[in-house]
Amino acid sequence: MIEAGTQGSTGRRKQLISFGVLLFLLAFLFLPLYWLLITSIKPNQAAFKVPPELFPSEPTLKSYISQLQDRAGFLTYFLNSLIASTCATLLSIAVSVFAGYAFSRFRFPAKRAVLVFILASQMFPLVVLLVGIYILFRQLALLDTYLGLVLAFTSFSLPFCIWMMRGFFDTVPPELEQAAMVDGATRLQALLRVILPLVGPGVIAVGLYSFLNAWNNLLFALSLTSSQDMRTIPPGFLLTYVGEFQYLWADAMAGSVMVSLPMIAVFIFLQRYLVRGMTAGAVKG
Amino acid sequence: MAQASGETAGDKRRRRRLFERYRSKSARSEALFAALLLLPAVAILALVIFYPLVQALLLSLKEATLLSATEAPFTGLDNFEQLLGDEVFWTAVKNTFVLTTTSIAGSLVLGMSLALVLNEEIPFRNFFRGIALIPWVVPGVVVALLTLYMFNSQVGVIDYVLVQLGVTEGFVDWFGSTKNALWAIILANIWNQSPFYMLMTLAGLQTVPEDEYDAAKVDGANVLQRFRYVTVPNIRGVLAIVIALQVSWNVNNFDLIWATTEGGPVNATTTLTVHVYRTAFKSLDLGYAAAIGVVMLVALLLFSVFYIRVMEGSEER
Chain A
1 MIEAGTQGST GRRKQLISFG VLLFLLAFLF LPLYWLLITS IKPNQAAFKV PPELFPSEPT
61 LKSYISQLQD RAGFLTYFLN SLIASTCATL LSIAVSVFAG YAFSRFRFPA KRAVLVFILA
121 SQMFPLVVLL VGIYILFRQL ALLDTYLGLV LAFTSFSLPF CIWMMRGFFD TVPPELEQAA
181 MVDGATRLQA LLRVILPLVG PGVIAVGLYS FLNAWNNLLF ALSLTSSQDM RTIPPGFLLT
241 YVGEFQYLWA DAMAGSVMVS LPMIAVFIFL QRYLVRGMTA GAVKG
Chain B
286 MAQASGETAG DKRRRRRLFE RYRSKSARSE ALFAALLLLP AVAILALVIF YPLVQALLLS
346 LKEATLLSAT EAPFTGLDNF EQLLGDEVFW TAVKNTFVLT TTSIAGSLVL GMSLALVLNE
406 EIPFRNFFRG IALIPWVVPG VVVALLTLYM FNSQVGVIDY VLVQLGVTEG FVDWFGSTKN
466 ALWAIILANI WNQSPFYMLM TLAGLQTVPE DEYDAAKVDG ANVLQRFRYV TVPNIRGVLA
526 IVIALQVSWN VNNFDLIWAT TEGGPVNATT TLTVHVYRTA FKSLDLGYAA AIGVVMLVAL
586 LLFSVFYIRV MEGSEER
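Protein chains in written order, with the working numbering: chain A, 1 to 285; chain B, 286 to 602.
Think of the hints as simulated: they come from the structure by calculation, not from any bench.
Being a predicted model, the structure only gives us computed values, none of them experimental.
Watch out, some of these pointers could steer you wrong.
What the hints assert, rightly or not - Label pairs and their calculated CB-CB ranges:
1) B:D363 x A:Q178: 23 to 29 Å
2) A:R112 x B:E366: 34 to 40 Å
3) B:V327 x A:L54: 53 to 59 Å
4) B:F412 x A:T171: 26 to 32 Å
5) A:L270 x B:E372: 34 to 40 Å
6) A:P197 x B:R410: 29 to 35 Å
Every residue gets a Cβ at the ideal spot worked out from N, C-alpha and C, and that includes glycine.
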């Protein structure tokens with residue numbers, strides 16, 4: 001690997017090659033993003049121009065404004081996504097904190113088997129689960145409801161979240177809550193007041209993971225809702241921009257930008273927690 | 286435990302009995318607490334994973350439609366027989382395999398290269414690291430919309446660039462062609478998934494001890510050799526997890542395919558997931574869809590077992 005202080009022409013040549021490779025890779029990654037952005041500020045007709053405008057001749061924010069005017073149900077979708085994803089995240093956090101703590105601190109029969117089952121369930125094909133969930137939810141009248149969405153969204157994140165929280169709890173020595181209990185706290189109080197703050201990064205990782213998966217999910221959201229007012233963003237966009245208004249490219253891109261910005265902002269700042277959660281125990285040392 | 290001299294045997298027994306009673310009571314309340322902690326997780330997982338799974342298994346043995354699922358007659362292995370002769374099923378198997386392997390290979394190369402470069406001391410490194418994440422964070426539907434636009438055969442920028450560069454004569458038909466559609470999706474897939482490899486590889490690279498590189502350099506190793514003998518063994522654990530996760534995610538890949546082609550044209554992009562979805566929700570043939578799903582499940586589980594064995598085996602070497 002190249003070090004900062006390498007002398008001579010070989011060092012500089014390596015740096016040049018390295019920079020060239022970086023440029024190519026970044027081009028592959030960023031040019032589509034650039035295209036997404038400039039298309040969103042073109043008027044809808046300009047998106048049809050051949051040759052395509054590499055730089056918009058009449059930049060406009062009209063597409064963004066029409067999204068906010070709820071022209072294609074954007075606000076409804078956004079609100080539904082927000083409600084369902086937030087609730088699913090909170091539920092995942094609460095459940096995985098308790099379960100992760102239990103797996104970390106207690107011994108009980110079949111513990112290893114249960115843990116393996118939980119991990120294995122992360123490998124189950126989602127579409128197979130969907131078939132079963134659809135029938136079940138129909139029987140329980142959970143189709144087209146927030147509760148149904150929240151439960152379904154939790155299903156594919158929860159196993160991994162439990163595993164992550166257990167890993168984080170394992171890094172906290174049990175002596176800490178024992179000390180708190182000697183001082184008169186119940187186990188629950190010790191968990192919530194003493195231990196939980198110490199696994200903050202784990203909670204962030206779990207929250208990010210759940211929220212991302214819930215916000216982006218198409219399969220469950222599409223199949224478990226049927227009315228326009230219950231749709232979240234992915235099925236909403238699908239049915240609008242790949243269906244009815246397929247020619248409104250600028251609008252589609254503007255909506256896409258607005259929908260992605262919150263996730264991008266949050267992720268750029270908090271991604272190291274997620275990485276820590278996922279690599280716990282996997283990295284040597 | 287301090288032992289007071291002059292205690293009778295009866296005293297000792299009594300004290301031990303008291304202690305046992307105290308410990309078992311506290312042990313019971315501890316066990317109860319643990320059970321309560323686990324209850325929400327068990328309840329939810331039973332409801333949305335375990336029960337649907339059992340339902341799917343049962344449905345695969347019945348002739349059930351989406352509407353008549355509850356009174357469906359039991360037909361044994363008929364659905365599985367149908368599966369063997371179903372051309373679409375085998376096409377889906379092939380497409381799933383192609384999609385998964387090429388996406389993983391491409392994303393691995395791209396993501397790791399990006400990580401290696403972004404591990405060096407270059408200007409604006411954190412900025413690049415941040416933005417490089419974006420393709421992974423955006424919803425699959427957004428990736429699909431962007432892909433549909435960029436690969437559009439009339440107004441898409443990709444065809445325009447290809448023609449300008451002289452690579453092709455006229456505008457290439459991507460999503461209307463049975464040959465090209467899957468490759469457009471694979472390219473978009475690689476774009477979408479590379480950042481994840483980059484992220485995890487970077488994390489792994491941070492833990493490689495600097496002195497191992499120095500020792501290798503002293504021994505005369507060049508860049509490639511240092512990569513092979515120092516870097517790779519150290520990030521192997523992270524890579525193993527990442528690849529396992531990505532196999533699962535790619536087999537499950539629905540958003541991108543459904544939003545761009547719905548499995549067409551003529552099943553050119555139909556993967557197993559798409560086939561199950563279409564069979565269950567468009568053809569309303571729930572029993573058959575469940576059967577395909579069971580095959581997927583078994584395949585993934587076998588893969589997991591095989592994968593874990595391989596990983597553990599190579600660790601011992």
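Against the structure, the hints come out as follows:
Against the hinted window of 23 to 29 Å, the Cβ-Cβ separation of D363 (chain B) and Q178 (chain A) comes to about 59 Å, which falls outside the hint. Look at R112 (chain A) against E366 (chain B): about 38 Å separates their beta carbons, and that is inside 34 to 40 Å. Range check, V327 (chain B) to L54 (chain A): about 56 Å between beta-carbon atoms, so the 53 to 59 Å window is met. Between F412 (chain B) and T171 (chain A) the CB atoms are about 31 Å apart, so this pair conforms to the stated range of 26 to 32 Å.
Look at L270 (chain A) against E372 (chain B): about 47 Å separates their beta carbons, and that is not inside 34 to 40 Å. A C-beta distance of roughly 31 Å is found between P197 (chain A) and R410 (chain B), which places it inside the suggested range of 29 to 35 Å.
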